[in-house]
Amino acid sequence: MKNIVKKIGILLMVVSLASCSDDYLDTLPTDAVGADDAIATTKNAWASLNGIHRLLYSQHRSTQAEGGLGGIFLLSDHLGEDIAYPSTSNNTSWFGGTHKWVDHRNENSSMASYPYYFFYRIINDANLIINKIDNASGDPTEKNRIKGQALAYRGWAHFNLVQFYGKRYVAGTTNNQLGVPIMLASSEEGMARNTVEEVYTQINKDLNDAATLLTGYNRANKSHLNLNVVNGLRARVALTQGKWVDAATHAASARTGTGIALMSTTQFLQGFNDISNPEWIWGSNVLSDQTMFFYSFHAYISRNFSSSHIRTHPKSVYSDLYTKFPSTDVRRTVVATTNSTADNYPSYMSFASGVTYNRFAAASNKFWVKDPSSSVADIVNMRAAEMFLIEAEARARNGEDVLAQNALHSLNLMRRTDVPVKSVNTGQALIDEIMLHRRMELWGEGFRYFDLKRTNAPLKRDHTGTNHNNTQVGGIFNVPAGDITWEFMIPRAELNANPKMVQNPS
Amino acid sequence: MRKFTFWLTALFLVFGLNLATAQTKVISGKVSDNSGALPGVSVVIKGTTKGTQTDFDGKYSIQANVGDVLQFTFVGMETATATVGATNVINVTLKESALALEEVIVVAYGTAKKADFTGSATKISSETMGTKPVTNLSRVIEGNSAGVIVTSGSGQPGAGQDIRIRGFGSVNASSAPLYVVDGAPFYGEISTINMGDVENVTILKDAASTALYGNRAANGVIMITTKKGKKGFSQTSLSINRGISNPGIKEYERVNAYEYYPLAWESYRNSLYFRTSAPLFTIDNANGIASGTYPRNSSGLQIYPGTSTTYSDIHQLLQNNPFDKSGLNLIGTDGVLNPAAKLMYPEDMDWQGALYRTGQRSNYDLVYQGGADKTDYYVSLGYLNEEGYAVQSDYQRYTGRINVNNQATEWFKTGLNLGGTITKSLQAESGGTAFVNPFFTARLMGPIYPLHKHDPITGLVQYDADGKKVMETSRPIQNGRHSYYETILNDRIARTNTIFGKTYFEFKFLNDFKFTTNVSVDSRNYNFERYDNRFVGDGNPAGRGGRTNTLTKTVNINQLLNYTKSFGNHNVNALLGHENMDYTYRYFYGFRQGLIVDGHSELINFTTTNTLTSYEDKYRTEGYFGRLDYNYNSKYYLSGSYRKDGSSKFHEEVRWGDFWSLGASWRLDQENFMKDSNWFNQLKLRGSYGEVGNDAGIGLYANQALYELGRNNANEPGFVFQSLPNDVLSWEANKSFDVAVEFGIKNRIEGSVEFYHRISDNLLFDVPLPLTAGVGSVTKNAGTLFNEGVEITLSSDIIKKDNFKWNLNVNASTIKNEFTKLPGDKINDDGTKYYDEIITGTKKLRTGQSLYDYWLRDWTGVDPADGLSLYKFDETRTPGASERTINGVLMTTNPNNAQYHYVGSSIPDVMGGITNTFNYNNFTLSFLVTYQFGGYSYDSTYANLMHGGSSTGQAWHPDIFKRWQKPGDITDVPRLDSAQSTNISAASDRWLTSSSFVSLKSMNLTYTLPKDVAKDWGLVNARIYISGENLYLDASRRGLDVQRSFAGTTDYTYTPSRIISTGLNLTF
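Order-wise, the sequence lines are chains A and B.
So that you can map any letter, position 313 of the first sequence is 313 in my numbering, and since no number is skipped, the others follow by simple counting.
In short: position in the second sequence from 1, add 10000, done, that's my numbering.
Simulated from the structure, these hints should not be mistaken for lab results.
The reader is advised that the hints may include incorrect statements.
Dumping the calculated SDA-like pairs for lysine to any residue here, alpha-carbon to alpha-carbon at most 20 Å [claimed, not checked]:
id: 1; chain 1: B; residue 1: 10618; chain 2: B; residue 2: 10743
id: 2; chain 1: A; residue 1: 43; chain 2: B; residue 2: 10717
id: 3; chain 1: B; residue 1: 10644; chain 2: A; residue 2: 21
id: 4; chain 1: B; residue 1: 10816; chain 2: B; residue 2: 10855
id: 5; chain 1: B; residue 1: 10468; chain 2: A; residue 2: 354
id: 6; chain 1: A; residue 1: 370; chain 2: B; residue 2: 10310
id: 7; chain 1: A; residue 1: 460; chain 2: B; residue 2: 10275
id: 8; chain 1: A; residue 1: 132; chain 2: B; residue 2: 10413
id: 9; chain 1: A; residue 1: 500; chain 2: B; residue 2: 10837
id: 10; chain 1: A; residue 1: 43; chain 2: B; residue 2: 10710
id: 11; chain 1: B; residue 1: 10618; chain 2: A; residue 2: 167
id: 12; chain 1: B; residue 1: 10644; chain 2: B; residue 2: 10580
id: 13; chain 1: B; residue 1: 10114; chain 2: B; residue 2: 10697
id: 14; chain 1: A; residue 1: 167; chain 2: B; residue 2: 10877
id: 15; chain 1: A; residue 1: 460; chain 2: B; residue 2: 10310
id: 16; chain 1: B; residue 1: 10644; chain 2: A; residue 2: 22
id: 17; chain 1: B; residue 1: 10469; chain 2: A; residue 2: 43
id: 18; chain 1: B; residue 1: 10228; chain 2: B; residue 2: 10413
Just a sample of chain A residues kept apart from chain B, beta carbon distances all over 10 Å, derived [stated by the list, open to error]:
id: 19; residue: 171
id: 20; residue: 257
id: 21; residue: 464
Computed spacing ranges between beta-carbons, pair by pair [to be verified]:
id: 22; chain 1: B; residue 1: 10251; chain 2: A; residue 2: 24; range: 33 to 43 Å
id: 23; chain 1: B; residue 1: 11019; chain 2: A; residue 2: 24; range: 34 to 44 Å
id: 24; chain 1: A; residue 1: 28; chain 2: B; residue 2: 10612; range: 19 to 29 Å
id: 25; chain 1: B; residue 1: 10111; chain 2: A; residue 2: 24; range: 54 to 64 Å
id: 26; chain 1: A; residue 1: 28; chain 2: B; residue 2: 10024; range: 28 to 38 Å
Given the structure is predicted, the values throughout are model-derived calculations rather than measurements.
Each residue gets a CB set at the ideal place from its N, CA and C atoms; glycine is no exception.
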């Protein structure tokens, strides 16, 4: 009997060594969703699409300069001449290397890789939607709205990439120069670079497909991409490709629609921080619990947020630019002309008490945050003024001077406290005038690098009496047109992992 | 739980019956050494686990059978045996042993005599720890174990150090060792364990000793055993320690204000003179502008004749003139400071002086312990209050522990070990280059900037309406910021409540079997309070505050079945076990801004929510294991172990890993041919091989394809793609080989020489993907690296007289680390290899190189012609304007065109520690010296202090005096030129500095009251001591913290404290 008990006991012991239940080792996260579910229904696909909208105003890669699309805007303008740092004080570190034309030529620099990372991340999320949405459950019209926006994102992202990393598109040539890989599906292996021409072909296809799918789409808010946005993107692309008529036509339709109108001079002084501004065609609506803190676009470009970057270096306008505008132009009135308190602390903007900002002649008061203690502000990605300028430039370059003068005049009417005279310039003089207005109107909004590159213009920061500081630009006042340094270096991380990748000349 | 009850029932039923019928008699006696009765001697029936301990009078009693062999063991004594015969009384006298072989060490799921152990382990006993006033365990490991490398850690009270055992086993997974406290894996904060409660620490290094832990043990195991009460006597002890602390590493040298101004002038002047775009200046023009000799406009700026461009002079540029001479009379056009200039407020420009103070440390421990027939107990209470040497840094800790063991019956034993810790700690920001980090800002602050606002003419400090000094925040460096005020006005407070409990049930049956169930629970609440003040810094102007709450709970349960038996000369020990671990982490974080009323920073006292989030994480493992130890006549030893482990981090199909080890040893000293050796009183050869797994350090859900929540678009729900799936992701395998000889010579010297070779295979690698993939990396099993090294440990009683002893302990070890395969190593169709390198920061990973080999620009010096830095030109690029030929070699001044190369490693060639202990009568003096030779640090701090002037207002290192000043100067410091930061400050091998060091880590002088005197005073024991930590460091550059990180990078952190303390230990 005793032996039997013993044996049973030992048996039980051994059996019980195999103890935990089968699913003991199955665990799931609580702050994430399984990828299989993410685009299984239109409801979830909308959430995936909203995720892309949100990437435009998110903190990326733990690098303070990488505050979503705002970081791209800043990158572009710091390469240009129109943002100036008039003093030697430091604290420019985040965009200092870009301003000196160093970082984007250093394949290990985060600034060389940021656009590459940012736009391909968007492309990847868009591709996952584009390639899966047809199999999702839900209303077919809804699917079109989602897929159309994903396609628009993909086209737009490739358009940005090819301008940063490829040589400029030259109209009337075959454009066989290396562009960037066209990504239409995820790949872990990496793809070879397509030619600039191929990339533009894909961009146009995506944007045209998006336009078809989004026709009739009545969006919930301006963070979504509707037909106006897609037309605006098509206008930008056409302008870069030298398709003047397309550019003008798309630009005109982009700014035509319910709720879209040029803002008044009063609204121009409201800080470029509110998506409800009638001129905004596309923007990000940032809520207070979605702040990017010191990553935010407005933590660099605004006049009144309390960041070291702003306190030390309120962003200034190149002295050669703003002095060419009359004092009745609202775009000039937002530029401090002296370093006096009145100029630098305008009454239309709120400042925090106890915060001391450096003051400079030429400091820009264009952007400001509603509450100086928070960098939260809506961000404009596309607005009607740009469309008027595209139309004017395209018409002028196409020899249609009168149409160009009219488009420019439409904008000027809304920017002046007096009544401006319509331009009588023609030909190159008219083009120059429009380009000057474009610089002034779109200052700080991320266009300058692209404009210089697409027009094959040199960088010039050294006009007599320049307010650019030798230390801040690291001695780089001028870069000739067509120099190899106009192309960003392909990031080292891409070269590391993609054997098909070819580096830009250095 | 159901399972557990089942167990118990089964055991009671079966083995209770059996034991009741055993035939025994009671043996009693007394154990002594040459000085008298010996308490605490372990008395065990050989070949079984039955045993007891001697009481305070050295007496014991045990039930045994005739023919049983009693084994008497005590630390530091030779083991004695006696066979149970007719008599019921057995008295034994133990002889002092020189052999550490008799030492009992803690091994996986049990203990072993060192002589019998086939693996590699280092034991650090409470004697070695001595009276060191340490808060954290890592401080006693440093320098005391060969093959262990540590970082210097932080001076923040309560902070620990990173530890690596036998090299660096992983790339992206964790290379940190596993901590095991009283047999259960420990995932909490080691600093919550009161060091006074620690009996000993054992470091398990090779696979033979760690394989049984399977998962997480790949990088070694640190076993911590807490104290138990001793049966037979009760005693109470009180320890008091009081000390002061200061920085343990001297600050970097920096130039003073008188030197600073002319240097800044020169940098500005050069930036004007060397301009390459209009307007161009002659040297006289440039001198004039820098000194301020040109006419001024209404804003006070100079106007250069013929242009509209305005220029600051140097004092305008620096924005502060702390001298009693006006800005225009300060620096001549020759760049010389006015010799009559005197500083107006030199005492107010010492930023580090403001930040630092003399830290204080007080520690009180009260312990009472003892035991009667069946029960022993150990109770401790501890209070620690440590103020760091930097303001706003402290650590208060209350600890309590109760360890009770109850031998309920001869066959059933149980116990409870319950510890609780409550801590509160102010934690000033430290590390990184954020302006809020005072260690960063105070170090780089130029010597001409005061903490407070002063009248520029009189130099008098200015007061506000409340009579407080006004802080000065206006300057070109850290404008608007103030590291001192931010530090004292902000709050960074961590509070933790920790409970760790462990219970076990141990059953003995059938004479040779023992079954044990261990259940341990570790639960930790962490609350972090953050407040950024509204006056200055990141919180300015609204004020902002955050709360982080986490709850970590780990439950670990194991069941062990032990079998011990001797058949003649054959001794067998077998173990079977099962273990599961359940880890839960709950996280909550809220962050708000817009302070409503001053006084507190609770979240309700703010207007606007910036962040609000929470989540829960789970991690589970389960394992089955067994071990078989065999020895023949204590001469030949064999040991084998096997463990099957499952981890929730891997996909169902691949989550189980098989780990195993084999070890063997041969005690030559037990052989007849060695018994008469005059030389070797101890000689043992051993070797082992085994494979252990690692799943630590990667994401808990690393195999799953996920979209990340928390990416809403305004009010619309949103998520974004986060990770790719990897269904085949599985264990990183650590294959380790170890061979050693352990020896004792003439009872005077003992030591070991050991070689290991450790291969980490199937590395858990965050394989970088092309950025075009849209996700940075995917965790894969890819790549192989190895670590190998030699470890030498020697201990010698150099002098061993009755009243004077000198013991010397030396250890030395080497590490070689190398990749043999990387994820991208592939062969193309045409036979070429591609992607065999990954560049991260200052390192490049490549097959044939180590994890920590530097990959940096090849800086070649300074061009004597114009003082620019020269770099070797990368021949794959097209030469242009920035390239020049020097001595026939093409050099570049543009770092983007520079050639990179492999240049050194952060891994030292040799490292170790030397401990000297002197005993003279009742005095003991011991000191520990640690050292490291070879290896380089990448001193980015020094690089920042050697800037060319572009960082206006930033401090300079005195090496800047060696700068290039005029054509023909031969130097290795480029010219000062604020416009040339790209050229001057680029990351390159210029900033590599030797990491060799010698450090007097600790020193300790103890006086023990003679026993008879103590007795007269009613004491059992009394000691007083004085002790010092981090006393001296000799490194290649003052200020350089050579042990900051394994990767050799430097940082702006709270460097380790030098603590001088005195203490008193009394036992009643």
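Each hint, compared with the structure:
1. Between the alpha carbons of residue 10618 of chain B and residue 10743 of chain B the distance comes to roughly 47 Å, so the proposed pair goes past 20 Å and is violated.
2. In summary, the hint linking residue 43 of chain A to residue 10717 of chain B is supported, as the alpha carbons are separated by about 10 Å, within the 20 Å threshold.
3. With a C-alpha separation of about 16 Å, the suggested pair residue 10644 of chain B and residue 21 of chain A falls inside the 20 Å cut-off, and the hint holds.
4. Restraint check for residue 10816 of chain B and residue 10855 of chain B: the C-alpha separation of about 18 Å stays at or below 20 Å, so the hint holds.
5. With a C-alpha separation of about 16 Å, the suggested pairing of residue 10468 of chain B with residue 354 of chain A holds against the 20 Å cut-off.
6. For the hint pairing residue 370 of chain A with residue 10310 of chain B, the CA-to-CA distance comes to about 34 Å; that exceeds 20 Å, so the pair is violated.
7. Proximity of residue 460 of chain A to residue 10275 of chain B is assessed by CA-CA distance (about 16 Å); at most 20 Å being required, the pair is judged to hold.
8. As the CA atoms of residue 132 of chain A and residue 10413 of chain B are separated by approximately 62 Å, the hinted pair breaks the 20 Å bound.
9. A threshold of 20 Å between alpha carbons decides the hint, and for residue 500 of chain A with residue 10837 of chain B the separation of about 15 Å falls inside it, so the pair holds.
10. Taking the CA atoms of residue 43 of chain A and residue 10710 of chain B, the gap is near 16 Å; set against the 20 Å cutoff, the hint holds.
11. With a CA separation close to 50 Å, the supplied pair residue 10618 of chain B and residue 167 of chain A exceeds the 20 Å bound.
12. For a cut-off of 20 Å, the pair hint linking residue 10644 of chain B to residue 10580 of chain B stands: about 12 Å separates their Cα positions.
13. As the CA atoms of residue 10114 of chain B and residue 10697 of chain B are separated by approximately 32 Å, the hinted pair breaks the 20 Å bound.
14. Note on residue 167 of chain A and residue 10877 of chain B: the hinted pairing holds, with a Cα-Cα distance of about 18 Å set against a maximum of 20 Å.
15. Distance hint between residue 460 of chain A and residue 10310 of chain B is fulfilled; the C-alpha atoms sit about 19 Å from each other, no more than 20 Å.
16. Our distance criterion of 20 Å between C-alpha atoms is met by residue 10644 of chain B and residue 22 of chain A, whose separation comes to about 15 Å.
17. At roughly 59 Å between alpha-carbon atoms, residue 10469 of chain B and residue 43 of chain A are farther apart than 20 Å, so this suggested pair is violated.
18. Distance restraint check for residue 10228 of chain B and residue 10413 of chain B: the Cα-Cα separation of roughly 14 Å lies within the 20 Å cut-off, and the hinted pair is therefore satisfied.
19. The beta carbon of residue 171 of chain A is kept farther than 10 Å from every beta carbon of chain B, the shortest such distance being approximately 27 Å.
20. At roughly 21 Å from the closest C-beta of chain B, the C-beta of residue 257 of chain A stays outside 10 Å, upholding its exclusion from the interface.
21. With a cut of 10 Å on Cβ distances, residue 464 of chain A falls inside the contact zone with chain B, its closest approach being about 6 Å.
22. The hinted window of 33 to 43 Å between residue 10251 of chain B and residue 24 of chain A is violated, with their beta carbons roughly 53 Å apart.
23. At about 54 Å, the CB distance of residue 11019 of chain B to residue 24 of chain A disagrees with the hint of 34 to 44 Å.
24. Between residue 28 of chain A and residue 10612 of chain B the Cβ separation comes to about 22 Å, which falls inside the hinted range of 19 to 29 Å.
25. In this structure the supplied range 54 to 64 Å is violated for residue 10111 of chain B paired with residue 24 of chain A, their Cβ-Cβ distance being about 30 Å.
26. Taken as a hint, the range 28 to 38 Å is violated for the pair residue 28 of chain A and residue 10024 of chain B, whose Cβ atoms sit roughly 55 Å apart.
Hint violations for this structure: numbers 1, 6, 8, 11, 13, 17, 21, 22, 23, 25, 26, all remaining hints satisfied.
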